[in-house]
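Visitor: Now that you have both chains on their own, put them together as the hints suggest.
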Amino acid sequence: MTGRMPGKTNRSLALAGLTALCAAATIACGASYFEIPIETPIRAKLDVSAFQRVLIAGFVAGGTEDVDANQETVRLLRSQLRTKSSLRVIDAEIIPLVEIARDQNRTAAGANDSAASRENTSGVPGSATPNAPDQGDQPMPLPDRIKGEKDLEPYERLFANTDYWKKIGEEHQNPLIVTGTVLFVPHSRSGFVSRDEEQFDSFGRRRVVPVRTYVDRKGFILRPKFVFIDGRTGATMYSESYREEILYSAQQNTPALSSYFELMDRLVPNFLSALSSQKIRGTRVLLR
Amino acid sequence: MSHRIAAFLALFVAASASPLFADARSDAKLQVDFGIHVAQRGLWREAIYRWEKAVELDPTYAAAFNDLAVAYEHEGQLEKARKAYEKALALEPNNTQIRQNYELFREINDRTNAGKDKP
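Those protein sequences? They're chains B and H, same order as listed. My numbering puts the first residue of the first sequence at 11, with every later residue one more than the last. My numbering puts the first residue of the second sequence at 40, with every later residue one more than the last.
The set of hints was computed from the structure by calculation and includes no laboratory data. Computed from a predicted structure; not experimentally measured. Cβ atoms here follow ideal geometry from the backbone N, Cα and C, with glycine treated the same way. Mixed in with the good hints there might be a few duds.
Heads up, simulated DSSO-like pairs for lysine-lysine below, C-alpha to C-alpha not over 30 Å straight-line [claimed, not checked]:
{"#": "1", "chain 1": "B", "residue 1": "K160", "chain 2": "B", "residue 2": "K55"}
{"#": "2", "chain 1": "B", "residue 1": "K55", "chain 2": "B", "residue 2": "K176"}
{"#": "3", "chain 1": "B", "residue 1": "K176", "chain 2": "B", "residue 2": "K160"}
{"#": "4", "chain 1": "B", "residue 1": "K177", "chain 2": "B", "residue 2": "K55"}
{"#": "5", "chain 1": "B", "residue 1": "K55", "chain 2": "H", "residue 2": "K122"}
{"#": "6", "chain 1": "H", "residue 1": "K126", "chain 2": "H", "residue 2": "K92"}
{"#": "7", "chain 1": "B", "residue 1": "K289", "chain 2": "H", "residue 2": "K92"}
{"#": "8", "chain 1": "B", "residue 1": "K157", "chain 2": "B", "residue 2": "K228"}
{"#": "9", "chain 1": "B", "residue 1": "K228", "chain 2": "B", "residue 2": "K160"}
{"#": "10", "chain 1": "B", "residue 1": "K177", "chain 2": "B", "residue 2": "K94"}
{"#": "11", "chain 1": "B", "residue 1": "K289", "chain 2": "B", "residue 2": "K94"}
{"#": "12", "chain 1": "H", "residue 1": "K119", "chain 2": "B", "residue 2": "K55"}
{"#": "13", "chain 1": "H", "residue 1": "K122", "chain 2": "B", "residue 2": "K289"}
{"#": "14", "chain 1": "B", "residue 1": "K289", "chain 2": "H", "residue 2": "K126"}
{"#": "15", "chain 1": "H", "residue 1": "K126", "chain 2": "B", "residue 2": "K55"}
{"#": "16", "chain 1": "B", "residue 1": "K94", "chain 2": "B", "residue 2": "K176"}
{"#": "17", "chain 1": "B", "residue 1": "K55", "chain 2": "B", "residue 2": "K94"}
{"#": "18", "chain 1": "B", "residue 1": "K160", "chain 2": "B", "residue 2": "K177"}
{"#": "19", "chain 1": "H", "residue 1": "K119", "chain 2": "H", "residue 2": "K92"}
{"#": "20", "chain 1": "B", "residue 1": "K55", "chain 2": "B", "residue 2": "K289"}
{"#": "21", "chain 1": "H", "residue 1": "K92", "chain 2": "H", "residue 2": "K122"}
{"#": "22", "chain 1": "H", "residue 1": "K119", "chain 2": "B", "residue 2": "K94"}
{"#": "23", "chain 1": "B", "residue 1": "K289", "chain 2": "H", "residue 2": "K119"}
One-sided excerpt, in silico: chain H residues whose CB lies under 10 Å from chain B [claimed, not checked]:
{"#": "24", "residue": "G74"}
{"#": "25", "residue": "Q79"}
{"#": "26", "residue": "W83"}
{"#": "27", "residue": "A86"}
{"#": "28", "residue": "A102"}
{"#": "29", "residue": "N105"}
{"#": "30", "residue": "D106"}
{"#": "31", "residue": "A108"}
{"#": "32", "residue": "V109"}
{"#": "33", "residue": "H113"}
{"#": "34", "residue": "E114"}
{"#": "35", "residue": "A120"}
{"#": "36", "residue": "Q136"}
{"#": "37", "residue": "I137"}
{"#": "38", "residue": "N140"}
{"#": "39", "residue": "E146"}
Here chain H stands alone, though its shape is the one from the complex (with noise of 0.2 Å):
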């Protein structure tokens, strides 16, 4: 009997996870969680597929948001950066870890736009 209960549970885990029963945040959060995974093996460019294709599918999800923003930063498109960081923060503007993400990230894109004077 309880081998029958522990088939069931298998089969129900896996048909939640499916994606012909998921919504989209949960489509969004499987992008996301496979961008983690690959950004922290270096692959920034293919995570960088995983959160657009997020934001894509659920478009109020903040945390794919910040996650793209990461990845725009570490390789450089700090305009793209800015305008994921806005998008997340306008999304959830009390959320801490974004808004300090936000803070770092302003300082080197001020830094290199600082006392820039045209001569």
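Only chain B is shown next, with the shape it has when bound in the complex (with noise of 0.2 Å):
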């Protein structure tokens, strides 16, 4: 029995034919790319399961007198790690770095001296045992005033001091310790930087084109090293160096402490994701 299909399916059939154009037709000409919101997770650089307090001990700083920058970083990072920490954090009198570093310096100069006193009452010109220090033993002096990088310097041998951190470790319970250095300087710049500027023509269109200008710029450096040290051995575990700076306009006259958090705020996600993992939110493009 032949016959023409009932006018019912050829509608169906069209209205099929019809999807199928539609759907062809938007992965054909849809939009050739999407954004999409990511969470990146970022693994803690240190294993700190060992730990269960953490002792943010002090800095030896520098720069500015403006601001106490190993008071006000030990605040900050005290706080941020009671937030977005698991270890608990002690809270213990602010370790003046600077003066015990002077006062290690002291005791091991004094200690070559008397060293070196024995040498000389021997008599024996070169005799020394192979454990007598020579002239390169004897520290570096420690300056007065920290005003630059050159004279932190001196000082992180005081981060080699196992046996003083193995103390303070045992002091509080064995924890991680965190200290290092911060040097928190003025900064000023001259020089073009690159700005847009609306301008109208004779017709009264407006146009957005950039103008080079010289202008002067002061500011802040801020340069903090993180060090880790396992308080049950006294050893470094990591450690870790930033470097933020911040310019403002000649004009512009915006406090040190402000400049200070405001380059603090940067590096405090990098601190923190050396002992907790974090997530770091963004945008990204789908292609098709």
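Guide: Structural data, given as structure tokens:
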């Protein structure tokens, strides 16, 4: 039996065709890219599972006298760790590390002097025992005021003094110890900067053009070095250094403390990522 | 008569979309599209599976490498993400969207590796 298909079937077929056509058109002519939010998990740089407590001991700080970088850094890191880490933050006196380093330096110099005098009294030139210190073992003199990076260098040996850090660890039930150096110095720079300027032509049409102008700018540089010490052994587990700077126009009068916090704000996520896993939110583009 | 044309058109569209007629790129494109669909619903593992298939089918498909890199990034597989972005950029060096994704990725990747001093 032959005959025409009923009209209803034809209409269904036509509808199906249209649907398929629409689907194909969507794929063929649809957007070629899609913005998508992502969260990148960042693993902690340090395995701190052996510690329940953390001691932000103090920092060898230098630079401007407008900010007590030791005190402010300890306060800021303690408050950040309290809210963003599972470690218990120990509330202890902030250690004046500059003074400790000077004491240790004096002790080391005294020990070297007495060893040298023992060597002289033996009367045999060049008969020093292999362990006796020579001039090269004399501790580097510590500058009274830390103005720049070079002044900080001699203080670095403090972090290698495992006996000292082990003793600090014992006093606080073997926590993870965070210490280091912080340099916060004023900085100025002059030069050309590019900025967009709005211009109108004779017909009143608006244009935005880049204009290069010479400006004097001043601000601050923050250079912290975070040293993570195992309180059980006094040994350094890990250390990291950062550098951030901020510049304002010369006319702008920004307080040093406010600049310090602005710069630390940029660094705190890096510091925290050493101790705990984090998720960094962002947007990416998926392409077809 | 118009019904017959519509039916023919439907058959043609369906046939042209079938794997029988598709080349490697269009097969890969189907995987990429499905990957985007599932990624938008948060099913990133499935998206990775689809995009890995896509780059296997067509190793010259820059968009597939880009999408795979984004998914790896989301899963925290940063080394794999870097390789996939670099492959995508090698295939399409002038693609600004891939470059922008890569720059954003590098910002995170550099940050996680920055400042590391050995004790």
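Visitor: All hints, please: hold or fail.
Guide: Verification of the hints:
About 28 Å separates the Cα atoms of K160/B and K55/B, which keeps this hinted pair within 30 Å; it holds. For the hint pairing K55/B with K176/B, the CA-to-CA distance comes to about 22 Å; that is within 30 Å, so the pair holds. A C-alpha spacing of about 27 Å is found between K176/B and K160/B, which places the hinted pair at or below 30 Å, so the restraint holds. Proximity of K177/B to K55/B is assessed by CA-CA distance (about 25 Å); at most 30 Å being required, the pair is judged to hold.
As the CA atoms of K55/B and K122/H are separated by approximately 21 Å, the hinted pair is consistent with the 30 Å bound. A C-alpha spacing of about 15 Å is found between K126/H and K92/H, which places the hinted pair at or below 30 Å, so the restraint holds. A C-alpha spacing of about 28 Å is found between K289/B and K92/H, which places the hinted pair at or below 30 Å, so the restraint holds. Proposed proximity of K157/B and K228/B is supported: the alpha carbons are some 17 Å apart, at most 30 Å.
Annotation: proposed proximity of K228/B to K160/B holds, straight-line Cα distance about 22 Å (limit 30 Å). Between K177/B and K94/B, the direct Cα distance comes to roughly 28 Å. Compliance with the 30 Å bound is thereby established for this hinted pair. Of the supplied pair hints, the one linking K289/B and K94/B holds, its CA atoms being roughly 12 Å apart against a limit of 30 Å. Between the alpha carbons of K119/H and K55/B the distance comes to roughly 18 Å, so the proposed pair stays at or under 30 Å and holds.
Annotation: proposed proximity of K122/H to K289/B holds, straight-line Cα distance about 21 Å (limit 30 Å). Between K289/B and K126/H the CA atoms are separated by roughly 25 Å; this keeps the pair inside 30 Å, and the hint holds. Between K126/H and K55/B the alpha-carbon distance is near 27 Å, which keeps this suggested pair within the 30 Å criterion. This hinted pair checks out: K94/B and K176/B have alpha carbons roughly 26 Å apart, not beyond 30 Å.
Between the alpha carbons of K55/B and K94/B the distance comes to roughly 15 Å, so the proposed pair stays at or under 30 Å and holds. Restraint check for K160/B and K177/B: the C-alpha separation of about 28 Å stays at or below 30 Å, so the hint holds. A hinted pair counts as satisfied when its Cα atoms are at most 30 Å apart, and K119/H with K92/H qualifies at roughly 15 Å. Proximity of K55/B to K289/B is assessed by CA-CA distance (about 14 Å); at most 30 Å being required, the pair is judged to hold.
Pair hint K92/H plus K122/H holds up; C-alpha atoms about 16 Å apart against a cutoff of 30 Å. Simply put, K119/H and K94/B have alpha-carbon atoms about 28 Å apart, close enough for the 30 Å limit, and the pair holds. Straight-line distance between C-alpha atoms of K289/B and K119/H comes to about 18 Å, which keeps the hinted pair within the 30 Å bound. Interface hint status for G74/H: upheld, as the beta-carbon distance to the closest one in chain B is roughly 8 Å, under 10 Å.
For Q79/H, the interface hint holds, the least distance from its beta-carbon to any beta-carbon of chain B being 7 Å, beneath 10 Å. With 10 Å as the threshold, the beta carbon of W83/H comes within range of chain B, its nearest partner Cβ sitting at about 9 Å, so the hint holds. Interface hint at A86/H: satisfied, since its Cβ lies 9 Å from the closest Cβ of chain B, which is below the 10 Å cut-off. At a threshold of 10 Å, the smallest CB-CB gap from A102/H to chain B is about 4 Å, leaving the interface hint in force.
Interface hint status for N105/H: upheld, as the beta-carbon distance to the closest one in chain B is roughly 5 Å, under 10 Å. About 5 Å separates the beta-carbon of D106/H from the nearest beta-carbon of chain B, less than 10 Å, and the hint is met. Below 10 Å, beta-carbon pairs count as interface contacts, and A108/H has one with chain B at about 9 Å; its hint therefore holds. Below 10 Å, beta-carbon pairs count as interface contacts, and V109/H has one with chain B at about 4 Å; its hint therefore holds.
The beta carbon of H113/H comes within 4 Å of a beta carbon in chain B, closer than 10 Å, and the hint placing it at the interface holds. Checking E114/H against chain B by beta carbon gives a least distance of about 8 Å; that is within 10 Å, so the hint holds. The closest approach between the C-beta of A120/H and any C-beta of chain B is roughly 9 Å, which is under the 10 Å cut-off, so the hint is satisfied. Of the supplied interface hints, the one on Q136/H holds, with its beta-carbon coming within about 5 Å of a beta-carbon of chain B, less than 10 Å.
Against a cut-off of 10 Å between C-beta atoms, the interface hint on I137/H holds, since the closest Cβ of chain B lies about 7 Å away. The closest approach between the C-beta of N140/H and any C-beta of chain B is roughly 5 Å, which is under the 10 Å cut-off, so the hint is satisfied. For the restraint placing E146/H at the interface with chain B, the shortest Cβ-Cβ distance is roughly 9 Å, inside the 10 Å limit, so the hint holds.
Of the numbered hints given earlier, the model fails none.
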